[in-house]
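Note that the protein sequences, when read in sequence, are chains A and B. The first sequence begins at 3 in our numbering and counts up by one. The second sequence begins at -3 in our numbering and counts up by one.
When the alpha-carbon atoms are kept at most 20 Å apart in a straight line, the in silico SDA-like pairs for lysine to any residue are as follows:
(1) K193/A x I182/A
(2) K86/B x P126/A
(3) K104/A x Q12/B
(4) K86/B x N74/A
(5) K64/B x D118/A
(6) K30/B x F65/A
(7) K246/A x R229/A
(8) K64/B x R47/B
(9) K69/A x K121/A
(10) K59/B x R42/B
(11) K83/B x F123/A
(12) K59/B x D118/A
(13) K49/B x D118/A
(14) K30/B x V101/A
(15) K83/B x P124/A
(16) K49/B x N120/A
(17) K86/B x N120/A
(18) K83/B x D66/A
(19) K1/B x E113/A
(20) K84/A x R148/A
(21) K86/B x E119/A
(22) K1/B x E119/A
(23) K131/A x M(-3)/B
(24) K104/A x C15/B
(25) K117/A x N4/B
(26) K83/B x I122/A
(27) K25/B x V39/B
(28) K97/A x E29/B
(29) K131/A x V76/A
(30) K(-2)/B x L103/A
(31) K117/A x K49/B
(32) K104/A x I65/B
(33) K3/B x Y67/B
(34) K104/A x E18/B
(35) K64/B x Q12/B
(36) K131/A x K(-2)/B
(37) K86/B x E113/A
(38) K227/A x L254/A
(39) K104/A x K30/B
(40) K64/B x R106/A
Hints are computed from structural coordinates only; laboratory data are not their basis.
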Amino acid sequence: MAALMKAVHVSKNMNNIMKLFTNLSLTPNVITSSKHVFLHRTPALHCAFIHITPDNRDLMEFFDEPKNWGRNEVKVGRSWRKDELRLKSNSDLHKLWYVLLKERNMLMTMEEVCKDENKIFPNPERLDKVKDSMNNLESVVRERNRAYHMLETGETGERPGKLVYNCLGLKFYHRMHQYIIPKYMNRKWHKWHKFGFGGFATRRFLRLYREKIWNQKRRARNRDKNRVAVLMSKFPNVDIEAVKQHFPNVDLETIKTLKRARGHHVPE
Amino acid sequence: MKLLKPKNKQLANVVQFHCSMEMTKFDIKNYMEKIYNIDIIEVRTRIAMGRTKKDQLQGSIIKEDDRKIAYVVLPKDQSFVFPDLFKDAKGEFDEEIMNESKSKDLQEYVKENKAPGLPGWFRI
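In isolation and in its complexed conformation, chain A is listed as follows (with noise of 0.2 Å):
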């Protein structure tokens, strides 16, 4: 009998199979409703088709869908993050890049009418969104341009730069690029950029500047002894380890002998 049940069972779950199937397969007013239908790639699911952008490429691109015109809030879902980015191929970002790029001039069409009309701009977060996905989509990019390069030439490919001194004797990072006139022809190039320095004004400024830097540490250092002085006077059962994971640069040992850490109770 149990067999018999069992039978019966299998052939019906063959029965929902087939009703599946049967489901699953293309009518043709699916076909003739969506516009691209890349028969080779796309499963034969309806789900499948449902969620195409259409591809209207015209000025009513730079404005939102009509039906969220003039509405409090539009909902939306996350920015696109790294780790989503690195699974597509450099084809597929390409597109991405102008998926975006498109939404970001929709958002700044819409941000700009809604401030002409004194009107909230509904979720401006949006914007954030698209400029994130945009960031985060810019440097997977640059991360597998620069492992190309390295695989091919050994340079990274990345814009040349160097670390040089200013007129002040202050470093900063130069970034050079590439120009029309020769180097030593371009008179205007030179007015602008002054690397190195010298001089007595510069050496007493750098001075001056070392100190105020170095007197900025000092009173950074001085506070910190003093406020786990403080704490030690006040709270003399205070978790030592959670203090020294706090301020790591203070000792310890020489505090606890400091009469500021003692307080104002019987010691034990």
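Based on the hints, put chain B in the right spot on chain A.
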């Protein structure tokens, strides 16, 4: 790049854009044709000076950024009308939303206070 609502009356086939300062007329033409697939006859640009105004609190003088404005001319037979986006907009103080938030606020207020060490009826 953003599409601007024209302040002054324009021809039906002229569209205004605000673009980045570095973009030239040729850049704008390529941008519109390649990315947005729009036919363009001519592009004219100008740099609009930002307004200078006084800060309300500190009284210091503030200047808004200058911006490049592009006038894009579409073919003669085409026209663009800036859509009315706030035709059926709900106001900020919409009645439904206000009632909803009112009842929600009341429930929130009547609710028992669960802060530790305080009686349930206590509220600030």
